[in-house]
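J.: Listed below are the residues making up each chain.
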Amino acid sequence: MLTAEEIHEIKEEFHLYPYKQAACIEALKVVQKHRRWVSDENVKDLAELLEMSADEIDSVATFYNLIYRRPVGKYVILLCDSVSCYIMGLETVLQHLERTLGIKYGETTADDRFTMLPVPCLGTCDHAPAMIVGKDLYRDLTPEKIDEILNSYK
Amino acid sequence: MAKIKINGKELEVDPNKNLLEASISAGFDVPYFCWHPKLGSIGSCRQCAVVKYRDENDKVGRVVMSCMEPASEGSIISTEAPQAKEFRANVIEALMTNHPHDCPVCDEGGECHLQDMTVMSGHTNRRFEFEKRTHNNQYLGPFINHEMNRCIQCYRCVRYYRDYAGGDDLNVFSSRNRVYFGRASEGVLESEFSGNLVEVCPTGVFTDKTLKKHHTRKWDLTTAPSICVHCSVGCNTIAGERYGTVRRIYSRYNEQVNGYFLCDRGRFGYEFVNSDQRITKYIIPGSTEGVSKSAAFDFISKSIKGKKVIGVGSPRASLETNFALKQFVGSENFSVGLSKRDYQLAKLAVDTLINGSVKSPSLKDVEKSESVFVLGEDVTQTAPMLALAIRQAIKNLVKPKADKAGIPQWNDAPVREIIQSAHGPLHIAAPVATRLDDVATTTYFSAPENIARLGYAVAHFINTKLVLPSGLTDEVKTLAEKIANDLLSSDKPLIVSGVHCKSSEVIKAASDVATALKSAGKSVSLSYTFEESNSVGVTMLDGKPLEELFDEAKSSKAGVLVIVENDLYRRLGKEKIDAYLSQFEQIIVLDHNETETTAKATVVLPVGTFSEADGTFINQEGRAQRFYQVFVPETDTPESWRRIAELGNATEKPFIENSFFDFTSSVANSLPQFKGIANIAPPPDFKVLGQKVARESIRYSGRTAMKANINIHELKPVNDIDSALSFTMEGYHGEAPSALTTSYWSPGWNSAQAINKYQIEVGGALHGGDPGLRLIEPTVDKESYFQTIPEAFKISAKGLTTVPVYRIFGSEELSTKSPAIIERSGNAFIGLHPADAKRAELKNDDKLEISIGGQLATVNVIIMNELAEGLAGVSAGYKGVNPEMSEVTFKK
Amino acid sequence: MERPLTKNIRPDGKPLFIKEYESLGGYQSVKKALAMQPKEIQELVKKSNLKGRGGAGFNTGLKWSFVPMQGEFEHKYLVANGDEMEPGTFKDRLLIEGNPHQLIEGMIGTAFAIQADEGYIFIRGEYTYAAEVVAKALAEAYEAGYLGNNILKTGYKFNLHLHTSVGRYICGEETALLNSLEGKRANPRAKPPFPQVSGLFGQPTIVNNIETLCNIPHIINNGAEWFNGLSLTPGDGGTKIFGASGKVKKPGLWELPFGVTLRELLEEHAGGMRDGLKFKGCLPGGASTDFLVEQHLDIRMDYASVAAAGSRLGTGTMIVLDDKTCPVGMVLNLEHFFAQESCGFCTPCREGLPWTEKILQKIENGKGEMKDLDILQFHTKFMGPGNTFCALAPGAMAPLQSALKYFREDFELHIKEHKCSWK
Ligand SMILES: Cc1cc2nc3c(=O)[nH]c(=O)nc-3n(C[C@H](O)[C@H](O)[C@H](O)COP(=O)(O)O)c2cc1C
Ligand code: SF4
Ligand code: FES
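Chains as they are written, first to last, in our numbering: chain A, 245 to 398; chain B, 6 to 897; chain C, 62 to 484.
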């Protein structure tokens, strides 16, 4: 069941488009904002709300990188794995994250705090390597800086 | 017409086509995957690459996708240029990087479009040496098998399923090289047209599960052109047999009727042929184990001698069979095998078409209509392919929007984009919710009387000289006016109705609407649906309804009753039929499957199903169509008409005719309404290059060994005296006249796509014209109206008034003897308005014993929001449900 | 040297909001534009030689002129393409975050020129800060009467909305972007019909890059001649935001005239290579451009010159490869990106890119064979322009084909030594 708040927020998006089905991506975002990820049940509920079929919603949901159809931790780490970061030391950063958190791409820490995913170029190439934790962008990453950053997310 | 040049050959082509269509129509082999004549182009597979030149001086050209280029004036292309050929081979190579190469165990093998295109493109060497990506498969129900690893991502399945057939539970998921075609979660595919995925998919992702159970390669099947027996639309099929069982039904292209497709009932309902309830023995009194044929006929000739014999024909038996029976018992002793009510309805509809001024459309005409008004039918359940055609028709009025923007109609995605979800008017008035409601402009759910009244009101608003039913609510009046205006605003309106809500008033009102449109100068058409494959044929043949025949029999003391391919318990209530049957000394039943009626017979004679018989059906359009025996059964199950001839010969009424052609010719010659039906297909002595047309392919295997358990010498092939087809691989294998197509094959084209080679131009008519003959054409130009407006529906005090509710899987007799269909049929049910259900304290899925005309049946409760109060929607054709459908009562 | 696009952007990049923006002369162009004829603005922009900054470099005014001005339409749309996911590209972020009103102002002028009544700013999902800034700026612009149903009481109507995406590089392709805006899978669309004729929701639509749109107020305010004068290259009007990333001393962005040399960019603005490193090559305009190498250092950075050198100006933000970074590894990283981001619609891209990536991985792992280079070479042709449905795959082949040309020994070295010597 979607919450009243979610439904309200989704309906707010309707007026941006000529028909409500076009707000499908916004609706997925709303659900994800509240629940971290989008479950099969959420897809069905959204289908009802948007008068679409579950297949239609899921077809869209599974296309995009930033809609999570599997559970993720409290904070999602999006580590830029594109070319400038590669040149500037992605490998070291990744290894450090893997070692510190004990997870690989696609995995979630045992305490459910972090999920780590690769992400294409974050558009901050002059400050590579870079990553996003939750909503925050971190740049010019070094192992020391990473430790500090991770510690600030409880 | 545009002048273009393909491979140096100058051609005149329709500039509204694309270069792929033009190339194929001109006979050039260009490989393709994502394009389909009914789905248009999207340019995703990149397989149809050709080289296009700017002008005569351009010798280099550039690679383009022929499916995405208009065949515009002056186009110059080469399908054979090295760059194009190389690129096409490379596309196959790319597709093959993830294809499992499991052809030996793949059901598609041997008729696989991907195999054909691979060979055609010339890719042979594999350079890819890495692991392939794999997918999990899904359970998709009893009809379709899913094997995603074989997918080549052409997107045809979703485009067919969603965009063409209106389904919404199949889609594409994920992206890049992980795109997945299936359902959001495992489960039965809901579309009634899912089976076409088998033919639409160019490889073995979606295959026929019923075929899989007793798998046979295409080249090992004995195949014959057939007509679907599961509704009155009469879709053209190819039925295939091996080892005495029918193993699959494939669509047979007929531009005028089903085009490329079939519904799932037609495709998967065939297994009653293989049923363990097949009648294979001669039963006479005292023999449950069966007797020899001669013993049976001895018994019959003795017991018939000197007795009055009456006969009951059947709307599911061929015209020849009904005619033979009528000959045998005499016109005055022949029943069409329908109850009085059903016969009246069928006759009314047929007579309206024959005597009226409005044309009954072919499905192709339906597809070309622009606005639609359906009265009283859930077409998807009762005449499924008509519903699919209506889905296409409603796009016609919005398509010109694309023309205006300069987008050719074959350019599928942009056309859809510019049209958005808009469509032309489709108005539906029905007793219960229908499967076309999702695209309906308006829906009106009410009792048949009220549907008729709405119809008459619509007729009034089209032609105000016609009476406006009194007492209509403002709401209904407004609706009627809107429907009238919508129909008037298009040039080609279509009115659809039929016998399924059992109301003559609905049929009449539909006719009045159509006639009014005709008089308003519209090229209107009127399509009626009927219950069975030959309802129209038997109605046109004429005879008595059951009640009349049996009542007369009582007074005339007829002693012998012959019933042919008819389960009378599906026609009238059990008590009535029991009483009727009890008056006869002998009840001789000819049928192929056990029924309640055969259980009451004193004599049962086995006969062939459609696959063991030649015959003619007349479809709801009035088109006579021929079907052919597929194989020679091991047991003695001849066609019913031949059986009746044997009966005649065993009694005092010998038949002169012996071959099918004799029979069908005497129908054609003796009854003017059937003039010409003998010639709808070539006669038995027809030959191509001195040969009959072969039912088996050149590659048919195992022939010398398959019956070695019976006789190690190969058995002498049976000669087909009835048709121009041979039962073996001996014979002509090329393209035969369209009525004799046993399979589609052309050099390099083993899949269903070979149909392209049989058409005058791709997607168009078959060479020599599509088979079949329309027997009903409007001859009169004068308008005649019924104007018999019924009283509005009143809630009955006695109980709820039943309206029959049809289910594509469950309501039709023969298909419900097929396991896959049984799996989809569900239990008998009663649909109730929420208020009626509440009053009776019933909820969804409750089990309930109902009584209709005293006949009890156990049914499930379904709350139907759209059903009017006071009505009960009862599952028609389900076991135990009284077919008479009068008032229904029940106790909680 | 004039820097119209960035002159008002604060050194710390903190956004400029409406008061400050107006005080610096902001929104003047709206008043001016609304008093002009739409066709007049189109003509002006055409003459200014503003070329699309999204990568393709098509004349912007000319592109606008394909929008039908007669006829009945439910809507006409203007969409700002702020998807910016091309690896190595980070210029639009600066413009959005630093000066959101410049973008909005440019969009109003553009919308008026094509008579659009609805607009969207499409921003990639990861740019959460940029989205916040735009949302605030939009609210301010509505408040001030620059947006809405009756702009500056002239009766002109233009409603502009923010749409944040949910990731995928292909959303940057303008037709895929439109599908995404419609809430669908972001597969590109067939062209023709071009979006100008049938775009968003089937209506006439213009999609322009953020940087392209940010130039509009200045062209309207100062004229075509002025704009042409900003550039050192005749035919390429205006300035360009150039940038550099990789192991240079001062990675960053600089607004410069078209026609500066690559050497000047690299050595003056980016401060040259870091100590101890040598310049090996660069992708001049993002991941889907061909490598330029030392011999190209003196070419001018404008559309024609870069094309003549066998590459593309692209987004103008270069990625610099040094001699201590493995070129095979770099190309592998790029092809991994493209393979991941393929939409999966057309065969060559969907199947060819993962195959390319696998071969590169094999070479990088020291398992490569000489024949693999032929297969790579083959792929660069197979996924060449015209063979695929959209430009993603041909773009993906640009760095590969040029790497095979300029760094062939490095590939061969991997194969011969059965290892990556850079590791
Ligand atoms: C795969 C692909 C990705 C693209 N990504 C972007 C992008 O992120 N931003 C952008 O402005 N243009 C991008 N483009 C170019 C757009 O398709 C389009 O040409 C551009 O937005 C038009 O704007 P302009 O005329 O102002 O350059 C991309 C093109 C392709 C083929
Ligand atoms: S080249 Fe083809 S598969 Fe690749 S992104 Fe474009 S359309 Fe999609
Ligand atoms: S048939 Fe032309 S691209 Fe698929």
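Among the hints, erroneous ones may be present.
[What the hints assert, rightly or not] Within a straight-line C-alpha distance of at most 30 angstroms, the following computed DSS-like cross-link-like pairs (lysine-lysine) qualify: (1) K884/B <-> K852/B; (2) K419/C <-> K137/B; (3) K480/C <-> K348/A; (4) K406/B <-> K480/C; (5) K318/A <-> K197/C.
[Stated by the list, open to error] Here are a few chain B residues that sit away from chain A, every Cβ distance over 12 angstroms (derived from the structure): (6) P105; (7) V177; (8) S179; (9) D281; (10) S528.
Because the hints were derived from the structure by calculation, they are not lab data.
All C-beta atoms, glycine included, are put in the ideal place defined by N, C-alpha and C.
J.: Check whether the Cα positions of K480/C and K348/A lie no farther apart than 30 angstroms.
T.: holds, 25 angstroms
J.: V177/B: least C-beta distance to chain A exceeds 12 angstroms?
T.: violated, 6 angstroms
J.: Given the hint that K419/C pairs with K137/B, does the C-alpha gap stay at or below 30 angstroms?
T.: Distance of about 11 angstroms is within 30 angstroms: holds.
J.: For K318/A and K197/C, compute the direct alpha-carbon distance and say whether it is at most 30 angstroms.
T.: holds, 27 angstroms
J.: Against chain A, does D281/B keep a CB gap of more than 12 angstroms to every residue?
T.: Holds: least Cβ distance 38 angstroms, greater than 12 angstroms.
J.: Is the Cβ of S179/B farther than 12 angstroms from every Cβ of chain A?
T.: Per Cβ check, S179/B is inside 12 angstroms of chain A; nearest 5 angstroms; violated.
J.: Holds or violated: K406/B and K480/C, Cα atoms, limit 30 angstroms.
T.: Not OK: K406/B and K480/C at ~60 angstroms, beyond 30 angstroms, violated.
J.: Is K884/B within 30 angstroms of K852/B, Cα to Cα?
T.: holds, 15 angstroms
J.: Beyond 12 angstroms from every Cβ of chain A: is that where the Cβ of S528/B lies?
T.: holds, 34 angstroms
J.: Over 12 angstroms to the closest beta carbon of chain A is the bar; see if P105/B clears it.
T.: Holds, because the least Cβ-Cβ distance between P105/B and chain A comes to about 23 angstroms, which exceeds 12 angstroms.
Violated hints for the displayed structure, listed by number in ascending order: 4, 7, 8.
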